[in-house]
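Participant: Sequence:
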Amino acid sequence: MSIISAKNISKTFTKKDYSLFRPFEVKKETKIAVNDLSIEIERGEFVGFLGPNGAGKTTFLKILSGIIHPTTGEANVMGHTPWDRDYDYLSQMAIVMGQKNQLWWDLPAIDSFNLLREIYSVPDGKFKKTLDQVVEVMGMKELLTKRLRNMSLGERMKCELAASFLHEPKIIYLDEPTIGLDVVSARSVREFLKKMNKERNFTFILTSHYIGDIEELCERVIIIDKGRKVYDGKLKALIEQYAPEKRIEIFLTNLEEKKKFAHINAKKKKIIQTTGLILADKTELGQVVKEVFDKFPPENISINDPDAEEIISRIFKGNIK
Numbered sequence: 002m003s004i005i006s007a008k009n010i011s012k013t014f015t016k017k018d019y020s021l022f023r024p025f026e027v028k029k030e031t032k033i034a035v036n037d038l039s040i041e042i043e044r045g046e047f048v049g050f051l052g053p054n055g056a057g058k059t060t061f062l063k064i065l066s067g068i069i070h071p072t073t074g075e076a077n078v079m080g081h082t083p084w085d086r087d088y089d090y091l092s093q094m095a096i097v098m099g100q101k102n103q104l105w106w107d108l109p110a111i112d113s114f115n116l117l118r119e120i121y122s123v124p125d126g127k128f129k130k131t132l133d134q135v136v137e138v139m140g141m142k143e144l145l146t147k148r149l150r151n152m153s154l155g156e157r158m159k160c161e162l163a164a165s166f167l168h169e170p171k172i173i174y175l176d177e178p179t180i181g182l183d184v185v186s187a188r189s190v191r192e193f194l195k196k197m198n199k200e201r202n203f204t205f206i207l208t209s210h211y212i213g214d215i216e217e218l219c220e221r222v223i224i225i226d227k228g229r230k231v232y233d234g235k236l237k238a239l240i241e242q243y244a245p246e247k248r249i250e251i252f253l254t255n256l257e258e259k260k261k262f263a264h265i266n267a268k269k270k271k272i273i274q275t276t277g278l279i280l281a282d283k284t285e286l287g288q289v290v291k292e293v294f295d296k297f298p299p300e301n302i303s304i305n306d307p308d309a310e311e312i313i314s315r316i317f318k319g320n321i322k
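For reference, each letter of the sequence shown is one residue, going 2 to 322 in my numbering.
Hints are not guaranteed to be accurate.
[Stated by the list, open to error] BS3-like mimics (lysine-lysine), calculated; alpha carbons at most 27 Å apart, straight line:
(1) Lys270 - Lys259
(2) Lys129 - Lys196
(3) Lys16 - Lys259
(4) Lys17 - Lys227
(5) Lys271 - Lys259
(6) Lys283 - Lys8
(7) Lys271 - Lys237
(8) Lys101 - Lys147
(9) Lys247 - Lys296
(10) Lys283 - Lys271
(11) Lys259 - Lys227
(12) Lys101 - Lys171
(13) Lys227 - Lys199
(14) Lys171 - Lys259
(15) Lys269 - Lys230
(16) Lys260 - Lys270
(17) Lys247 - Lys259
(18) Lys101 - Lys227
(19) Lys291 - Lys271
(20) Lys291 - Lys237
(21) Lys142 - Lys130
Rather than coming from a laboratory, the hints here were simulated on the basis of the structure.
Using the sequences and the hints, build the whole thing.
Facilitator: Right, dumping it as structure tokens:
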């Protein structure tokens, strides 16, 4: 049985414009943010929710978390209708928004955590155990006594994530949790999320513009554009179906190797400074790989799938139907 089930969810916003010179004339502009969207998510899944700016991702997460009502449609999350905002539902979910704070700006992090412990009625023993684990995994012991307004963006994000796990929610909605973070902070956040998913079987829905987050955390992706679902399935299957080419890179150490590369029988190839790049499809892959390994040392060769960001970009541009 699905832990999240949403059927035919739509959300329409209406904007009213008033004219100073015609006070009784009101112009209405309607925007469809989410358009007949249906999804099913099982317990313990880590699902990437992707789409360009304005696709409706954040609006849909707000509907599932109960922040806003849909215009039409229905949803069942852990046996609850999210926008009824039952305490039993709210106490079992969390939402983390990379551009909004849920902690108190002028308080040390530990004071905010203790306030949340009271709000969610978390027993002292359970609270201490969860907090200790979160602090250890994300290396944030020194942040507990630091005020939120004195923290860097990366430090604040760690505290926001820690706060969201204190009541051990079963479902966590993550809206751009690594936005603006440096490489080290983003890596520690991803490691923490993987650990929580694996050890606690928490269910995650993640929106992110950083394809590295999606590739590292999510096996399944849902892609929406203009409020409509355009893909729902495995990320690996998406790449294999829509970009069957393999990316072969060869480190070229001298002019002689560049000449060798020029004679490789491949349809798509080019040299970028000291790297020879080949995009080989299934029909020529075996022949090209054999030729590459015959001409160059193995330690100078790498073979990878194409970049997932490029594939998703094609979908957004309407190149894939």
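Participant: Now look at each hint and say whether the structure bears it out.
Facilitator: Do the hints match the structure? See the list:
no. : hint            : verdict
1   : Lys270 - Lys259 : holds, 12 Å
2   : Lys129 - Lys196 : holds, 18 Å
3   : Lys16 - Lys259  : violated, 60 Å
4   : Lys17 - Lys227  : holds, 21 Å
5   : Lys271 - Lys259 : holds, 10 Å
6   : Lys283 - Lys8   : violated, 38 Å
7   : Lys271 - Lys237 : holds, 26 Å
8   : Lys101 - Lys147 : holds, 19 Å
9   : Lys247 - Lys296 : holds, 18 Å
10  : Lys283 - Lys271 : holds, 19 Å
11  : Lys259 - Lys227 : violated, 46 Å
12  : Lys101 - Lys171 : holds, 21 Å
13  : Lys227 - Lys199 : violated, 33 Å
14  : Lys171 - Lys259 : violated, 55 Å
15  : Lys269 - Lys230 : violated, 32 Å
16  : Lys260 - Lys270 : holds, 13 Å
17  : Lys247 - Lys259 : holds, 20 Å
18  : Lys101 - Lys227 : holds, 24 Å
19  : Lys291 - Lys271 : holds, 18 Å
20  : Lys291 - Lys237 : holds, 25 Å
21  : Lys142 - Lys130 : holds, 14 Å
In summary, the structure is inconsistent with hints 3, 6, 11, 13, 14 and 15 from the numbered list given earlier, while agreeing with the others.
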